[in-house]
Amino acid sequence: MAAAAGALRRLVRCGPQQVGSGRLPPPASRSPGSVLTLVPVSPQGLGRRLRLQLRSGIHGSAPAAVQVTVRDALNQALDEELERDERVFLLGEEVAQYDGAYKISRGLWKKYGDKRIIDTPISEMGFTGIAVGAAMAGLRPICEFMTFNFSMQAIDQVINSAGKTLYMSAGMVPVPVVFRGPNGASAGVGAQHSQCFAAWYGHCPGLKVVSPWSSEDAKGLLKASVRDDNPVVMLENELMYGVPFEMAEEAQSKDFLVPIGKAKIERQGTHVTLVSHSRSVGHCLEAAAVLVKEGVECEVINLRTIRPMDVESIEASVVKTNHLITVEGGWPQFGVGAEICARIMEGPAFNYLDAPAVRLTGADVPMPYAKILEENCLPQVKDIIFAVKKVLNI
Amino acid sequence: MRKMLLAALSRVLQGPAAAAAARPGAVSEVSRVVVASRNYADFASEATFDIKKCDLHRLEEGPPVTAVLTREEGLHYYRTMQTIRRMELKSDQLYKQKIIRGFCHLYDGQEACCVGLEAAINPTDHVITAYRAHGYAYTRGTAVREILAELTGRKGGCAKGKGGSMHMYAHHFYGGNGIVGAQVPLGAGIALACKYFGKDEICLTLYGDGAANQGQIFETYNMAALWKLPCIFICENNRYGMGTSVERAAASTDYYKRGDYIPGIRVDGMDILCVREATKFAAEHCRSGKGPMLMELQTYRYHGHSMSDPGISYRTREEIQEVRSKSDPITLLKDRMVNNSLSSVEELKEIDVEVRKEIEEAAQFATTDPEPPLEELGNHIYKNEPPFEVRGPSQWIKYKSVG
Chain H
1 MAAAAGALRR LVRCGPQQVG SGRLPPPASR SPGSVLTLVP VSPQGLGRRL RLQLRSGIHG
61 SAPAAVQVTV RDALNQALDE ELERDERVFL LGEEVAQYDG AYKISRGLWK KYGDKRIIDT
121 PISEMGFTGI AVGAAMAGLR PICEFMTFNF SMQAIDQVIN SAGKTLYMSA GMVPVPVVFR
181 GPNGASAGVG AQHSQCFAAW YGHCPGLKVV SPWSSEDAKG LLKASVRDDN PVVMLENELM
241 YGVPFEMAEE AQSKDFLVPI GKAKIERQGT HVTLVSHSRS VGHCLEAAAV LVKEGVECEV
301 INLRTIRPMD VESIEASVVK TNHLITVEGG WPQFGVGAEI CARIMEGPAF NYLDAPAVRL
361 TGADVPMPYA KILEENCLPQ VKDIIFAVKK VLNI
Chain X
1 MRKMLLAALS RVLQGPAAAA AARPGAVSEV SRVVVASRNY ADFASEATFD IKKCDLHRLE
61 EGPPVTAVLT REEGLHYYRT MQTIRRMELK SDQLYKQKII RGFCHLYDGQ EACCVGLEAA
121 INPTDHVITA YRAHGYAYTR GTAVREILAE LTGRKGGCAK GKGGSMHMYA HHFYGGNGIV
181 GAQVPLGAGI ALACKYFGKD EICLTLYGDG AANQGQIFET YNMAALWKLP CIFICENNRY
241 GMGTSVERAA ASTDYYKRGD YIPGIRVDGM DILCVREATK FAAEHCRSGK GPMLMELQTY
301 RYHGHSMSDP GISYRTREEI QEVRSKSDPI TLLKDRMVNN SLSSVEELKE IDVEVRKEIE
361 EAAQFATTDP EPPLEELGNH IYKNEPPFEV RGPSQWIKYK SVG
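Residue numbers (the UniProt record's numbering), protein chains in the order written: chain H, 1 to 394; chain X, 1 to 403.
It is worth saying that the hints were derived from the structure and are not from the lab. There could be a bad hint or two in this list.
Straight-line Cα separation of at most 25 Å, DMTMM-like style, residue types lysine to aspartate or glutamate; simulated pairs [said to hold, decoys possible]: (1) X/K228 to H/E94; (2) X/K162 to H/D156; (3) X/K199 to H/E346; (4) H/K320 to H/E375; (5) X/K383 to H/E93; (6) X/K383 to H/D310; (7) X/K199 to H/D114; (8) X/K199 to H/D229; (9) X/K228 to H/D85; (10) X/K398 to H/D310; (11) X/K228 to H/D119; (12) H/K262 to H/E294; (13) X/K162 to X/E376; (14) X/K400 to H/E346; (15) X/K398 to H/D85; (16) X/K400 to H/D85; (17) X/K199 to H/D119; (18) X/K383 to H/E83; (19) X/K398 to H/E80; (20) X/K228 to H/E93; (21) X/K383 to H/D229; (22) X/K398 to H/E339; (23) X/K383 to H/E312; (24) H/K264 to X/E389.
Derived DEER-like restraints, expressed as beta-carbon distance ranges [what the hints assert, rightly or not]: (25) H/D364 to X/N384: 38 to 44 Å; (26) H/D114 to X/L56: 30 to 36 Å; (27) H/V311 to X/E354: 53 to 59 Å.
For every residue, glycine included, the Cβ atom is placed at its ideal position computed from N, Cα and C.
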């Protein structure tokens, strides 16, 4: 497997083993069966370069692990949950006969039919309200937004009808609905189709908000969200849909869940903590791979859940590394990074900071169209590397 | 005998609280005296009434133009409407005493709607409405004391004091919704669940003449008709959306036609029998799988839009008085029953007395029950979640949260 790396791939050992330097213990996050984790470097344009992270002491790949794209992982999750519970159904624009605008629901209408997979008219406010009402009456709907930009038209139903009802009814009326779809920037889709809603929904008590990065995240979080008795907003990313990841055998089980509210340490490190969610996690790992050559060990945390946020994991990491950088695609003001910084200031980790925490975010402008402008409106790997060096004063 | 009866009644009416306190069974004793002396053969068991023909939209036939009312039904409807009436007037009183805060949208005048609707459906059917919801909370099974205690924000309120006037819920009653029109897609979603589960249940989805101009309602009409959802859309047209009359708000005030491809009927919402028969008709249509129907109930609210609206800047006192004297739903029923020997003035007055007592006791509870404990603040954020902490106004103030 290792020998199969092609011309466009550069095999880099990072994490547990550095070329030319001593052995370091493997990150605890490596799942037992997995050997290879494919991490995308720059998923668009210049040809993908994949980095392989080898677990120390294992030769070749474990036979049970497979390569699964985020899209297929989501598809599997939907299929499994539809099969498991008859009350689960999917509604949204183009989810049925078109197989999904982004093919996430491919094959499901054929398998489950009109009752369980419902094509809606272009009526976000209407069909979102219908999904919420159905949840109030005992069903478990999955409401797809073609992109979360369109959820703004329906945001009253998400927040006021779904998010607040359990509280207003003092526990009498639960709302087990999942809102999912692509969030944040895509490629060249312009300002109205590129907004990140993590901060918007993350602001509201009563909602849960999750943001997967890898296939494992996508599958496990979607399954957990469907089984959760509360309204969950799942912010996917269109650019990640086609990216393959290694899925360990345990992740292929029909009962594999990723717990909501728990972050994952994707890469252990000692010098700086990089906290991120969704696509930016990949950029952090790429930056870490570059920095390791200069002797800087980054700890990369994949938030996985925006609300309730796993602040404890971030704090534990900052206590260890003494430096914090948050990375996200959304706008800076009142964003996820802003919240993390505030929470760190309030907690025990503040006293362990050797430098002020730093936020990397989307640029504070509506997203432009031209490629060079768009690229510079999101935190790139070079920005992360620059920030790490600034924070570490190197 | 009549003197005895009147004397007994006046004793009770003069000092209800004292009488109740001294002899809790006072009223029932009086009524027992009265009942013992009444001859049941004086009353008819039922009567048939002509009711107004409904205007029809996209329908060949409408609801029947006559309705049969039994004595039991009549007494039940009367008591229920009177209870709602007195409950709302009590709320008015408590609001002016500042014991009820915030928003308070009263339903007096519209009682025939919620009572008539309930009479036509099953407890297993579903109802959702907007914020003028106290009447529905009651007809859907919430006790008066729990409604009033919710208004006064006490722990004995039906939502433990956490919802308030606009957020009361009951079994198969989904509120109580504050955002104008938002409850309509919710109602269609509930209807979708009814169809999905195949249990022959329907959903009554109510909204007002003001909400009728909301875009999401038209989105909902479309999907409900497309998917043949068992949903009755009901527009309670009380002629004013807050301070804006229907003529000033709607290019078409034929609300029963606004569903376009959805068949509709316009109903006299002040006549409980009309409401009941129309609802039975619509319910049958939905249950048979034909899809949604639209009902416009022409009704009237005596109070302003809410307690902060005196209700006379956009309409005249004369108009309000005219409706009261000519179309009051409770008076209409009372006259029908008395004139057709289904009941007597005295019997109905007894019910009035009982109702007043019930409301008094409920108000007593609502004003003396303690407010919810501070610990309640953090609860009911998530369902079926292990207990966690919720942040208060500062990082040092935390509340425990259980579902």
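Right, here's what the structure says about each hint:
1. X/K228 to H/E94: holds (20 Å)
2. X/K162 to H/D156: Since the Cα atoms of X/K162 and H/D156 sit roughly 20 Å apart, the hinted pair holds (cutoff 25 Å).
3. X/K199 to H/E346: Violated, at roughly 53 Å.
4. H/K320 to H/E375: Violated. H/K320 to H/E375 sits at ~33 Å, over the 25 Å cutoff.
5. X/K383 to H/E93: violated (29 Å)
6. X/K383 to H/D310: holds (19 Å)
7. X/K199 to H/D114: holds (19 Å)
8. X/K199 to H/D229: holds (23 Å)
9. X/K228 to H/D85: holds (24 Å)
10. X/K398 to H/D310: Given pair X/K398, H/D310 holds - Cα atoms ~17 Å apart, limit 25 Å.
11. X/K228 to H/D119: holds (14 Å)
12. H/K262 to H/E294: With a Cα-Cα distance of about 31 Å, the restraint between H/K262 and H/E294 is violated, given a limit of 25 Å.
13. X/K162 to X/E376: With Cα atoms ~9 Å apart, X/K162 and X/E376 stay inside 25 Å; holds.
14. X/K400 to H/E346: Satisfied, since the Cα-Cα distance of roughly 19 Å is no more than 25 Å.
15. X/K398 to H/D85: Not OK: X/K398 and H/D85 at ~37 Å, beyond 25 Å, violated.
16. X/K400 to H/D85: violated (32 Å)
17. X/K199 to H/D119: holds (23 Å)
18. X/K383 to H/E83: Holds - the C-alpha atoms of H/E83 and X/K383 are around 23 Å apart, at most 25 Å.
19. X/K398 to H/E80: violated (38 Å)
20. X/K228 to H/E93: Roughly 18 Å between the alpha carbons, so the hint for X/K228 and H/E93 holds.
21. X/K383 to H/D229: This hinted pair holds, its Cα atoms lying about 6 Å apart.
22. X/K398 to H/E339: holds (17 Å)
23. X/K383 to H/E312: holds (22 Å)
24. H/K264 to X/E389: Cα-Cα ~21 Å, so holds.
25. H/D364 to X/N384: 38 to 44 Å: Between H/D364 and X/N384, where Cβ atoms are some 40 Å apart, the hint holds.
26. H/D114 to X/L56: 30 to 36 Å: holds (32 Å)
27. H/V311 to X/E354: 53 to 59 Å: holds (57 Å)
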